[in-house]
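Participant: Based on the hints, put chain B in the right spot on chain A.
Those protein sequences? They're chains A and B, same order as listed.
Throughout the first sequence, residue numbering follows this note's numbering, covering 1 to 501 in sequence.
Throughout the second sequence, residue numbering follows this note's numbering, covering 502 to 1003 in sequence.
Calculated from the structure, these hints are not laboratory results.
Some hints here could point you the wrong way.
[What the hints assert, rightly or not] Partner residues aside, some chain B positions facing chain A, computed with beta carbon under 8 Å: (1) L566; (2) V568; (3) I569; (4) F639; (5) I640; (6) R662; (7) I677; (8) G678; (9) W686; (10) Y688.
[As the list claims (entries may be wrong)] In silico BS3-like pairs for lysine-lysine, Cα to Cα no more than 30 Å straight-line: (11) K374/A x K528/B; (12) K374/A x K660/B; (13) K374/A x K656/B; (14) K455/A x K656/B.
[What the hints assert, rightly or not] So the derived list for chain A, only partly shown, Cβ under 8 Å to chain B, looks like this: (15) G392; (16) L395; (17) T407; (18) F410; (19) V422; (20) A423; (21) L426; (22) L429; (23) L441; (24) V477; (25) T479.
For every residue, glycine included, the Cβ atom is placed at its ideal position computed from N, Cα and C.
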Amino acid sequence: MNLAEQLPVLPVIIPLVAAPITLLLPQGRAPHLWATLISWLTFAASIALVRMVNDTGLISYHLGDWAPPLGIEYRIDLANALVLALVSGIASVVFAFAYRSVRVEVDPRQSTFFYCAMLICLTGLMGVTITGDAFNVFVFLEISSLSTYALIAMGANRDRRALTSSFNYLVMGTIGATFFVIGIGLLYQATGTLNMADLHDRLAGQSNRMVEAGFAFIVVGIGLKLAMFPLHLWLPNAYTYAPSAVSAFIAATATKVAVYVLIRFFYSVFGFDFAFVGHAFTYVLLPLGLAGMFIASLVALFQDDVKRMLAYSSVAQIGYMLLGLSFATVEGLTASLVHVLNHALMKGALFMAVACVVFRTGSHSLQAFAGLAKRMPVTTWAFILSGLSLIGVPLTVGFISKWYLLTAAFAAGHGYAAFLIVASSLIALVYIGRVAEMMLLREPPSEGPYAIPLKEAPLSMLIPMWVLVAANVYFGVRTDLTGDLATRAAEALMLAAGGAP
Amino acid sequence: MISPGLAIPLALWVPLLGCLAIWLLDKSPNLREAATLITGVILFALTVTIFMAVSEGHRPGFQVLEVIDGLPIAFQAEPLGALFAVIASGLWLVNSVYSIGYMRSNNEQHQTRFYMSFAVAISAAIGVAFAANLFTLFIFYEVLTLSTFPLVTHKGDEKARRGGRIYLGVLMATSIGLLLPAIVWTYVIAGTTDFMPGGLLAQHVDAAGPLVGILLGLYAFGIGKAALMPAHPWLPNAMVAPTPVSAFLHAVAVVKAGVFAILKIVIYIFGIESLHDTGASVPFMWIAAGSILLASAIAMNQDNLKARLAYSTVSQLSYITLGAMLATSMGVMGGAMQIAAHALGKMTLFMCAGAIYVAHHKTLISEMRGLGRVMPFTFGAFFLGAMSIVGLPPMAGSWPKFFLMLGAADAGQLAIIVVLIISSILNVVYLLSIPVQAFYMNPADGDVKPQGAGGAFIDWGALKEAPILCIAPPMFTAAGVIALFFFIDPLYRFLLPLIGGG
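This is chain A alone, in the form it adopts within the complex:
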């Protein structure tokens, strides 16, 4: 047994084993350092995995050496290798960032539990992404969700509304998980298997009520998890009242993983033989994606709380991903995958910038941002650069996303969608512009609750934040890591799904 053979399991095993160990550590700095170290190791393992998949192609790892379809299989192709790298990469930045932010926002007695829950959440997200077993997806989805409920509730130290938000999310998330598992159950009844590849083979040609119902349950269940408009109601409050570091982490990862699961089920489990997939694209994803893009953006426009504004913006951005998917072309799928990666980079950076503001002013209301350019210029510029990325200004990842999406829209003959995409980016221009104007052109208040002395956020927060901002620019000019790999991943997925519907 050598390490290389066991590599595929490491991204899940490392954080899973490390999480309970966190509880044994003394309070203070240690849990944070431990969690950060673990996230870095996980990231390293994921990067190694991406390279391995890139070199050798699909990896199938049999857990405990039980052969699939009976045993659990980890099945890694380019698509999920990329998402694994993304989730662990964001984790390694956010965990490093979290220490000071968590110290002011979370009850100190809970800080050990906090890092433990973060690691469990990471485990869950990695597991969902890596596994090739449909039921295993459910298990890991619940691991990540349950830890997220706890993490959001920890925001109660600063604002009691975190408790109701968390409970709200718990109810909605559990409904989603229940739907999902019902769907899996129906598929199991129809086929007698839970392995995704096996499901795909056995579902071929089957098109009866039971499979159709299973499909519908799965789509709605995941739709709840990924906050597909109009199933997004849990998201704004959850992101707003969670501790800032948690917002940054889950906004950049949790919904992205759910989008990945949706892609996986559409392409690798059902495939285009199954007529329902085509219908779902045309009649569900396309209209809901477009509606989400506009309605959520418009709602974001009227938010006086920057975190809530960013949360609604996330719902809108998920609309872009669903839209790209609904084109049912390689270009569209590529655009969705690229946007999954890119949106994580920009939203992560934006939420981290807000975390820095919360750290100094204690508030994420728009008023707290007045004149910020004079007091926290480094944070201000991080926010503005990532904001420009969100709008889609060239030389940022946002532009790359827009480019892929627009090309896909034109190539798929959905020219009107291209104009709707840019129209919705213009709404983003307005809501980001509101905050930017507040920061750049207002005078800092000299009295009142936000009159704080001139002081930048600590370096331990600034450096990780700027790593993400730099990534926004770097991947905005170099697309060989994101675009090219995503294109190949999309081609592979499309091939497995049996070409266009």
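Facilitator: Below, chain B without anything else, positioned relative to chain A:
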């Protein structure tokens, strides 16, 4: 001697290094301004080098990196871009001298930020000038918008914020909402966005088909900087900026980047002949003609001098769009010459407006009666600039009108000639009347005493002029307007490759 191939990247980097130097020299204004001027001189030398190389038939260029397949960040010099770069860098130098006089006399705040933004803006303008494809052009187009935003909102009061909001709103909305889809569409049709002699889309006429007109419309309105009505409101609103900003950016760099892009897209993306054959540009020719007349009509009702000049700019920019949309060789030639002629003329007018404000704190035209007698140099320069805008010989501005009329005749659009004539008459009314009133009429209230910061001005008996740094630059550009009239033949021959000659 620097090779032209190296001069392009240097021309992009030198202003950015200048920006850094300006930032480092924040504490000593004299050194800081020296940094601006030295940067300006070096940049001008570089663009002239490129200009000379292009005139000898070279097309220097280089590629930075390929972002997506068929989508590199790449630069290449060609006649139109070389001309725009020389104008922009040359007038930046003139304007920097003027800025020193203006900003110091008015005791403006945040001067370091002011000069830094200027340096970034000029770098972006150079990037636009030498862009080898639409993608690169788009990048620098957006950088230009963003870098000039701090200049527009320089004063930081509510009015400046409102102006800035409209400025950024219109320019970003048009560029992201219309220009970006147009570029992507072009890319989907052609697989690349490179500028090609003869027209990139001309080779894909079948793929574009009847939609060519729509695509052209996306470009015409998407390039908001060309201020084709109704995409013009940002320009009058940008007048809240200090006058050097209006003079250079909103008469030269920013607006010319817009019309330059339109010309370039018509020549190198659509192809003049292909447009002429399909007739897709005719509706936009009429929109441009309407924009010329309508903006002139609005300008007549403006009592604020800068607002009047702004609407005059909207009108004059549409001449260039009109020249492009005529889709004839002479129309394009007229448009290209108008870039040079209007830049010199309008900048003179704006700098004069600033000089009047510095010396007498007057912004309304109705208050300027009789002011010519105390400011003969300023109003003399204004008179020459206005003559050029109207299109009277021996001023440079007469040539573009001449070529545009030729182009209109070639295209068989005689009504356009009438539009041009009416527009010139309107120009006489609303531009020439200003110096005429200033020289011949008596002051309305008999009070023309300087009210600005005392001691900074030339005050010889009846002569009460702005500081020398504020009046020398407009006089210099006014002289340039006359000189260009006589040097039009070399310029014509330089631009010939644009229309397939040379």
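Participant: Would you check the hint for K374/A and K660/B, treating anything up to 30 Å between C-alpha atoms as holding?
Facilitator: holds (21 Å)
Participant: Would you check whether I640/B satisfies its interface hint, that is, whether its CB is within less than 8 Å of any CB in chain A?
Facilitator: At 4 Å from the nearest chain A Cβ, I640/B passes the 8 Å test, so the hint holds.
Participant: Is the interface hint for W686/B satisfied, with its Cβ closer than 8 Å to some Cβ of chain A?
Facilitator: Cβ of W686/B sits 6 Å from chain A, so the hint holds.
Participant: Given L395/A as an interface hint, is its Cβ closer than 8 Å to any Cβ of chain B?
Facilitator: holds (6 Å)
Participant: Check the hint pairing K374/A with K656/B against an upper bound of 30 Å on the C-alpha distance.
Facilitator: Holds, at roughly 16 Å.
Participant: Does the alpha-carbon distance linking K374/A and K528/B stay inside the 30 Å limit?
Facilitator: Given that 30 Å is the threshold and the Cα spacing comes to 18 Å, the pair holds.
Participant: With a cut-off of 8 Å on the beta carbons, see whether G678/B makes it to chain A.
Facilitator: holds (5 Å)
Participant: Report holds or violated for the interface hint on L566/B, using the least CB-CB distance to chain A and a cut-off of 8 Å.
Facilitator: holds (7 Å)
Participant: Given a cut of 8 Å on the nearest C-beta pair, is the interface hint for F639/B held or broken against chain A?
Facilitator: holds (6 Å)
Participant: Restraint: A423/A near chain B, CB-CB cut 8 Å. Satisfied or not?
Facilitator: Holds, about 6 Å.
Participant: Quick check on the hint: V568/B CB to chain A CB, less than 8 Å?
Facilitator: holds (6 Å)
Participant: Minimum Cβ distance from R662/B to chain A below 8 Å?
Facilitator: holds (5 Å)
In summary, the structure agrees with every hint in the numbered list given earlier.
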